[in-house]
Amino acid sequence: MQTDTAARTYALPSVKFQSAAAVLAVIAAVALPQIFHVAGAALGLGTALGQILLPMHLPVLLVGLLAGPYAGVATGAFAPVISFALTGMPMAPMVPFMVIELAAYGLFAGLLRGVRLPNAVPSPIAWLIKLLGAQVAGRVIDAIAIAVAVYLLGNAQMSIASVAAAVVTGLPGLILQWIAIPVIMFAVDRKRD
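Counting along the sequence shown from 1, when you hit position 143 you're at 143 in full-length UniProt numbering, and nothing is skipped either side.
Because the hints were derived from the structure by calculation, they are not lab data. Any given hint might turn out to be false.
[Said to hold, decoys possible] If you anchor each label on the Cβ, the simulated ranges turn out as follows:
#	residue 1	residue 2	range
1	Ala164	Ile125	37 to 45 Å
2	Ser14	Arg116	38 to 46 Å
3	Ala120	Leu45	22 to 30 Å
4	Asn119	Ala41	45 to 53 Å
5	Arg190	Leu24	45 to 53 Å
6	Val15	Leu171	19 to 27 Å
7	Pro172	Tyr10	34 to 42 Å
8	Pro93	Val140	29 to 37 Å
9	Leu132	Ala92	12 to 20 Å
10	Ile144	Ala92	17 to 25 Å
Since the structure is predicted, the reported quantities are computational estimates derived from the model, not experimental observations. Ideal placement from N, C-alpha and C gives every residue a C-beta, glycine not left out.
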């Protein structure tokens, strides 16, 4: 008997799977931006291609949905730090904000992976709803972190408007995520059946 994937509950995978998934996702989250930066340089866009397509976000959100909140948080927290240590990117002032934002994406994607939706919701739409929830939660946490930095710590390099600007600039990357992640998760569901 085939279970409707929208109503399926998802137990956390083994610790070994979660750990391996987090390691692979961190590698992808470090490598993908570099690939996009090289492509951007070849196209004359510099680092703008990375800001437009958000390559570091994709593995973090995906690992949260696939492996759960622990793997999602670990990937989100470690990827920007490791990327900075190895490549100098993101820029130093952005690292703490990226850690907070990406860890929030990973956490909420992982928490939302197990949320049951009504049977009438098709699997790709269910995954899109969960993805959108994780993205909104991550942006809210990012906005709070920026507000704290601006108003309490006097960080003049950041502003609340930068959250809105990042959403507008990264809209193509968001659209890519809205298409790719539900398709990948639907394919994983089909393999499980």
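Hint check results:
1. One distance hint, 37 to 45 Å for the beta-carbon pair Ala164 and Ile125, is violated here, with the actual separation near 27 Å.
2. The hinted range of 38 to 46 Å is not satisfied by Ser14 and Arg116, whose Cβ atoms lie roughly 22 Å apart.
3. Between Ala120 and Leu45 the Cβ separation comes to about 42 Å, which falls outside the hinted range of 22 to 30 Å.
4. The supplied range of 45 to 53 Å is met by Asn119 and Ala41, whose beta-carbon atoms lie about 48 Å from each other.
5. Between Arg190 and Leu24 the CB atoms are about 21 Å apart, so this pair departs from the stated range of 45 to 53 Å.
6. In this structure the hint that Val15 and Leu171 lie 19 to 27 Å apart at CB is violated, the actual value being about 36 Å.
7. For the pair Pro172 and Tyr10, the supplied restraint of 34 to 42 Å is violated, since their beta-carbon distance comes to about 29 Å.
8. About 21 Å separates the C-beta atoms of Pro93 and Val140, a value inconsistent with the hinted range of 29 to 37 Å.
9. Remark: the range hint 12 to 20 Å for Leu132 to Ala92 is contradicted by a beta-carbon distance near 31 Å.
10. Checking the proposed 17 to 25 Å range against Ile144 and Ala92 shows it holds: the Cβ atoms sit about 21 Å from each other.
Checked against the numbered hints given earlier, this structure breaks hints 1, 2, 3, 5, 6, 7, 8 and 9; the rest are met.
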